[in-house]
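Novice: All chains should be modelled from the sequences, with the hints used to inform the complete structure.
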Amino acid sequence: MKAKSIKGYCRLAACLMLVFSLAIHGDQDVSKQQLLLNALTNLKQGSMAEREQAIIQLADNGSSSLTILQALLDGQLFILKSDDSLVIGADNNQGYDIRDAITGTAKGAVERTDVGKINLTNKLRVSLRKIIGQLQLSSDDPAIRLAAVKAMGNEEDESALAILKAREGVEKDETVKQAIKVVFLLKDMNSSDKSLRINAIDALKEVNSLDVVNRLNAMVEKDEAGNFVESDIDIRNTAKAALININTRLQLYSSIETVFFGLSLGAVLVLAAIGLAITFGVMGVINMAHGELMMLGAYTTYVMQQLMPNNLAFSVLLSIPAAFVISALVGIAIERGIIRFLYGRPLETLLATFGVSLILQQSVRSIFSPLNRSVATPEWMSGSWQVNDFLSLTWNRFYILVFCLIVFVLLLQILKRTSLGLEVRAVAQNRNMAKAMGIPTSRVDAMTFGLGSGIAGVAGVALSQITNVGPNLGQAYIVDSFMVVVFGGVGNLWGTLVAGFVLGIANKFLEPFAGAVLAKILVLIFIILFIQKRPRGLFPQKGRAADS
Amino acid sequence: MNRISEKLRKLSIVGAMALLTVASGTVRAEDTIKVGVLHSLSGTMAISETTLKDTMLMLIDEQNKKGGLLGKKLEAVVVDPASNWPLFAEKARELLTKDKVAAIFGCWTSVSRKSVLPVIEELNGLLFYPVQYEGEESSKNVFYTGAAPNQQAIPAVDYLMNDLKVKRWVLAGTDYVYPRTTNKILEAYLKSKGVAKKDILINYTPFGHSDWQSIVADIKKFGSTGKKTAVVSTINGDANIPFYKELGNQGISAEKIPVIAFSVGEEELSGMDTKPLVGHLAAWNYFMSVDSTKNAAFIEKWHEYTKNPKRVTNDPMEAHYIGFNMWVKAVEKAGTTDPTAVQKAIIGVEYPNLTGGTSKMLPNHHISKPVLIGEIQDDGQLLTVWQTNTLVDGDAWSDFLPESKPIIADWTAPINCGNYNTKTKKCSGQNF
Amino acid sequence: MKLIGLGADKIGTTVLIVLAMVSFIIPLCNLVSPADSPLHFSAYTVSVLGKYLTFALLGLSLDLVWGYCGILALGQGAFFALGGYAMGMYLMRQIGTRGVYGDPLLPDFMVFLNWKELPWYWLGFDNFWFALLMVVLVPGVLAFVFGWLAFRSRVTGVYLSIITQALTYALLLAFFRNEMGFGGNNGLTDFKELLGFNIQSEALRALLLMISGVTLIAVFILCRWLVNTKLGRVVTAIRDQESRVRFLGYRVEMFKLWIFVFSAMIAGIAGALYVPQVGIINPSEFSPLNSLEIVIWVAIGGRGTLYGAIIGAVLVNYSKTVLTGLMPEIWLFTLGAVFVLVTVFLPDGLVGLMRRRLQESHS
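Chains as they are written, first to last, in this note's numbering: chain R, 1 to 548; chain A, 1001 to 1432; chain E, 2001 to 2363.
Hints are computed from structural coordinates only; laboratory data are not their basis. Check the hints yourself; a few may be wrong.
Claimed, not checked - Think about it this way: if two alpha-carbon atoms lie no more than 25 Å apart in a straight line, the pair counts; the simulated DMTMM-like pairs of lysine to aspartate or glutamate are:
id	chain 1	residue 1	chain 2	residue 2
1	A	K1256	R	D234
2	R	K533	E	E2242
3	R	K240	R	D202
4	A	K1198	R	D211
5	A	K1307	A	E1075
6	A	K1275	R	D114
7	A	K1065	A	E1255
Specialist: Below is the structure:
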């Protein structure tokens, strides 16, 4: 095995050599080629230090090797085992669509086992990113240029700075220009010229950059002996003034961030609870299997992704109706099979549905194995919206927040404007009267339970994007869901919405002071005390139905 | 008359039921050697432990194909302690008294081991514990085939410090004894290496913590000072996915702030979307990607046994593999499955591990293992980036904690103690 | 009506007799017969039976509030665990210098957390009688404060159920924290002796079984007497028509409070008996699911009968013991199915079924 893999490395080295000999047009210098060959061999087999060296040697090759380096960085560079050629492969989920790394001609699709991937380590990635950054500094896309500046900006590498300086002169895009300027201002802060330093600090105080904050903080700090790190008092004072200026903004942004965190936690709580608000609030059924219905929704997402591996983004969107239907059907089955025998005994629905939850959990364990399943996040949901250096909002949380609001509005509309909604409200208010008026109550019960369950399924799709998809998914949320519904007031959807967001934000504002666990305990105690004050939650149900 | 007979009938039924538990233990004949498998198959820990049950069944099956042990067939007795800690103790007692198993392979969490410990010691059973753990323990009846802190945490930190030049440290863990101990040891170790207190951030979260937004934002701030920062993660099981997802989404890549995890292995990775994890690190004593003939054979057998060519192998599985085979060798050496004889015989037993070395059962009931550090690849495998030159001996009592520094464990004469204070020359904390 | 009463008494008496048999004959057998005699019950049987009896006591305590007073408490496990912790703290203090680190005063986990002195709430627990007092006092006081707040402001129905769940959930999280000083996730374990007896000795185990049985019998008789007193009848009336009882001039909240506190104390005693027999107490006992399970025992046995709770607790736990060994992979299916079937088809639980059979055989 060992020998085989070394042979593989040699083959790789030979291939790469070929690449670069083609890339360095006309340069037939044998010694240089030899150097490159060594570099490439080192890249794969050498120690960490040797690999680092190899990367730097490769960097001298110029922009012609950019595609290959980028592919290497993205983990898309392979050796085709059949002919030992170097290929760039794009994942098509059964295998790879490959094209020749040197010529770029397509070579069709291959199985995963037909190619050997060229692995990378972190150090190599960092070096590669730097090199690619330098090569990309002249890209047409300002966003790529900005990323390139950021990748290069943090170092004291004189050659990188020289490249940046040259770029600054020709750069048209304001943001990129600003970023380059910050790099040099930061450098000026360390200069020996006092006025240059003060000017730099002054210029930087309007910039939202964590690097700046850290530098300034370091300037006003004292060392262990109690002396200031920065000996010059003028500079210290300028730095202090600048810090005050920056910190006000920092605090503002961090409060915005906390509110966002709270809202997004709240959105998750609302999503988890809102289906329960229907089954529990409107029908009086304490559905302990609610969490497991969410779990089914999450597993539906997994199955959908398995079914359509080529279209990740679409499969998640398609999972929403699919999860709704599946959970709704299971919900209706539970209602028809079990719960309808238990009306008038609301507390006993708790026991039966607890049994159902055990069965559902174990079924999932038997079908999908007890292991967690991997659900991929589509591209448009990953990463974050970088407002500035102080504030970034993650996309998946943002979408879940939006999604939560959409679900809420839709649900409200269903209950308000459809005939089903009318019937549901009628049955909830007075079952016997509704029956007397000719409303098919048992059908309405089934539909209502199906609706609540379906929404649980939809919530499961959202949860699959932020947490584990496994048999325990439901249990993790069931207690919280009940708290939200009860805190908001049973039978009131607005109550659930407000309760979810209030609890989410309260939790997030407590967390920095109290820590995650204590924050949660405090919230629970708050709920207990709040219920004493308002025994029917935030928005109590009024009228006859409230007495039951 | 009728009423009395009715009453008697009822009584006899209930009485019979109560007696059933006693009776059933004595019926079976002693033609096989029984091996207890005590892993949760339901509840929160089923995620991790079910695989180990399968591993044990495979190992036992294989041993039987080779002709069993001492001329007898091995028989696995599988029970489900259902992730319920007191139930672990009850099931251990059931295995030892009712089924009369020769050895138990099981437990995952520290609390389950702690719960089982008094029972195993009382009934003089054998427990092979396959998971990396916090140390500070060495029982006469337990064999720790997972890593002690010095076989995982310390080398990992050394790697970060020396190879990645990390200067600032986030020690993030789930709030239970393993992360607490590991972080305590690491904190002492880092300070001994001259790391200032302000460069260490320690954070604990509850089990299954799913909302990491604030904590990841804190880590981001902590790591933005320009000094190289790394996260040493002892975050357990289910909390990991949301943690890594949040890291990825908030733009913390492995290149900026690498996370080295002690509880994330191939199996956990198989349930995750690996995109945000690529480049982060894990420290174990075994990786599925290790290139050795033994490992290749093991993986092949595993795929054959589970009839699933995609099933991964992981470190605790290797620990069971080593532990089981050491037990087999010790039983053969002793010529009996009697626990006391096996305890004596197993010390010094050597067995080749799957990474190419030969592990040895040490007098402190821990084993010697190599330490590997790997980077997570997008296929869910770990690529070895660093490994110790030699095998590291497991140390039950950490040398970096002042209260356990003088303590050693040695189950050979003349010390014969799991908690021997070399200063006071006294043995303490033993239950027999 | 008469027949039901007769039937009820009959089952109740049977349960009492069986309990007496279990709690006296088994320990006695073990004391007089040698270890290899067929009359000798294994330590496994003794400890498992002892555990069932404490669960039965716990079920009984819930039946009192749920079956007779109509309060579906989803946090009964919290009182059980608190009683258990009080006993566990006593047992921890008894370890003395035999701990891992050999500290005469501090339990191992405190030494480990670098604590220098015993926190104030651990003081006094080296005294058995003080610990015993705390076993009933701590759950009692918590139930009093909680109940006083909740019943006074007329929190009822699901709201009450959910906030009892919030209570036990909050306690779970709190005890889970290592800073709380209760051993974090590992809880309290590695006990050595109880009142000077080795905790692993056969005699003590037999004795604990006997004590558990006697306590259960005593509490059962006490509860049976209680529900038949005037107070008991008012409580039952509250369950059936709370507002009517209030209009009649009874202070409903005081009755509820009284019964809630009493039941919490029983749960505390159950916890205290449970801990030395299983050898560990940790925060998982506070988990909301555990409390839910107690409700299931009572529902399966038949609520509002007292002995139904005992039968349910023992049966469910016995089947758990058997099933987790017999069919480890699929036992949850069976258990889940039983829960569903019993609630749907046996609204009065197994006791209801037995009563009906008894009635049939009499008519």
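Novice: Confirm or reject each hint.
Specialist: Hints, one by one, checked against the model:
1. A:K1256 <-> R:D234: violated (34 Å)
2. R:K533 <-> E:E2242: holds (20 Å)
3. R:K240 <-> R:D202: holds (11 Å)
4. A:K1198 <-> R:D211: Holds. K1198 (chain A) to D211 (chain R) sits at ~18 Å (cutoff 25 Å).
5. A:K1307 <-> A:E1075: Given pair K1307 (chain A), E1075 (chain A) holds - Cα atoms ~21 Å apart, limit 25 Å.
6. A:K1275 <-> R:D114: With a Cα-Cα distance of about 22 Å, the restraint between K1275 (chain A) and D114 (chain R) holds, given a limit of 25 Å.
7. A:K1065 <-> A:E1255: violated (48 Å)
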